[in-house]
Amino acid sequence: MQARTFFVLPRTLAAFAGSVLLLLSCTYLPESVSLAPGVSLRETRSAIALLPDAGLTHAAGFLFYPGALVDPHAYLPWLSDLSSAGIAVIVAKAPGNLAVLSIDAGLSVTSLVPQASSWVIGGHSLGGAMAAWSAASHPDAWAGLVLLAAYPATNKSLAGWSRPVLSLSASNDGLATPQKVADALPLLPPTQYAVTGLGQYTPPSSGGYAVVHQIAGGNHAQFGSYGPQDGDSEATISPAAQHTEIVSFIEEFFQKNGW
Amino acid sequence: MKRILIAAIAAASIAAPSVPQAAHFSLSAAITPQMGLLFAGAFDPGFSAAGLELSGSLERGPFRFEAGSEAGLSPIGWELLFPLRAGIRLGAGPLAFEALLEAAPGMALTRPVLFMAGFGAAGRAVWSIAPSFSLFASIGARWSICPAYGAFTGISYTSIDMPVSIGLRWTPR
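Protein sequence lines correspond, in order, to chains L and Z.
Using my numbering, you'd call the opening residue of the first sequence number 1 and step up by one each time.
Using my numbering, you'd call the opening residue of the second sequence number 1 and step up by one each time.
Hint data in this document are derived by calculation from the structure and do not stem from the laboratory.
By construction, the Cβ of each residue, glycine as well, lies at the ideal position given by its N, Cα and C atoms.
Among the clues, some could well be false.
Derived CB-CB ranges, DEER-like [to be verified]:
(1) L:A182 / Z:A141: 28 to 38 Å
(2) L:D230 / Z:L38: 29 to 39 Å
(3) Z:H24 / L:H138: 30 to 40 Å
(4) Z:A96 / L:S117: 38 to 48 Å
(5) L:Q115 / Z:G123: 18 to 28 Å
(6) Z:R173 / L:P139: 51 to 61 Å
(7) Z:G150 / L:A182: 47 to 57 Å
(8) Z:G123 / L:L185: 50 to 60 Å
(9) L:K156 / Z:A40: 49 to 59 Å
(10) Z:A137 / L:T236: 19 to 29 Å
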């Protein structure tokens, strides 16, 4: 009995290890992490905070949920650009890099930056869906929502939400495809502005609304900086160009809403 | 680093069958939540990791040797470690105690896969509930590192955690 068990053990352990490797897709690591000049980083076990050295010029901060199985540092290049514009940024880490395992993590990590008077929540891909989930579950906790290649779950509609939503998608996204993003528009506040560039909308005097913009030539992975992603399509613009467009639209979203 | 990992796994696999038959063999399954104490050199308490461990062990006299695989979550993401432990057993009744030292080479399941490792010590209480089965609970301290993580992210990954393990042991009779 013992000899047979000894023989079985290594194979059992190898099978277990192999199963884990097969079942769990690996986390995408950043291609590079370069912070914009004039931005300081503070990292804890549960979050990464970015603060402009020159001080905050916006009262609201931006809380960000990374995409599924993407290392949270992969978004720092463009998030630090956003922070250099005077916005406090926090990236919420999630167990296993899956925001679905800690949907409400953002409610606690915002205490890292007490200077911000309110917070806009946002995220990429599954992180965006979970940010929308948090907004639906805690409608008064967030000043607004930013969706990057993401949309709310059908059972967490924000159609009745009284806060602004910015939805940025990409024309060459092979995962959150333009069709999927369009199909989910009824889940956003019904007052919607489909814009092709900056300066094309004026927020309504009251109530929720959504600004919808598709980045021409962008793809799913270039919402971060982690290289190509399985299932994605080829981008026809550079990562830097896509990042610049993301930052410009979020910064305008903050300005238009007086945050 | 990969060679070290492969060598450690091979050593554990080869060593097990070479132990004399008089040794007692057992298989264990455990859940292993970890409370974090230090992260990247700063005091940062909070939930750190959790995993599932399957292991085999040999007991000869008061000495124990264990080899296993532990899959779970860490601040980096998903990880797969191969803990190797050596220790002593104190007490022979239905309730016994074990003191163990541990080295746990393994990998962070990232793209690319990165070498990581944990080193620690634990104390464990074992309660015999049936002739072939025991329940056990342990608490310890583990220092985890992933040297290459900093090259990708800019942060040197070191963590000191307090792992807790609760599991079931089967000893064939």
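Hints and how they fare:
Taking 28 to 38 Å as the suggested C-beta distance range, the pair A182 (chain L) and A141 (chain Z) does not conform, at roughly 53 Å. For D230 (chain L) paired with L38 (chain Z), a C-beta distance near 35 Å keeps the hint of 29 to 39 Å intact. Distance hint check for H24 (chain Z) and H138 (chain L): the Cβ-Cβ separation is about 54 Å, which falls outside the suggested range of 30 to 40 Å. Separation of A96 (chain Z) from S117 (chain L) is about 57 Å and departs from the stated range, judged on CB atoms against 38 to 48 Å.
In this structure the supplied range 18 to 28 Å is violated for Q115 (chain L) paired with G123 (chain Z), their Cβ-Cβ distance being about 44 Å. The supplied range of 51 to 61 Å is met by R173 (chain Z) and P139 (chain L), whose beta-carbon atoms lie about 60 Å from each other. For the pair G150 (chain Z) and A182 (chain L), the supplied restraint of 47 to 57 Å is violated, since their beta-carbon distance comes to about 41 Å. The hinted range of 50 to 60 Å is satisfied by G123 (chain Z) and L185 (chain L), whose Cβ atoms lie roughly 57 Å apart.
Under the hint 49 to 59 Å, the C-beta atoms of K156 (chain L) and A40 (chain Z), about 34 Å apart, miss the expected range. A137 (chain Z) and T236 (chain L) have their C-beta atoms about 57 Å apart, which leaves the hinted 19 to 29 Å range violated.
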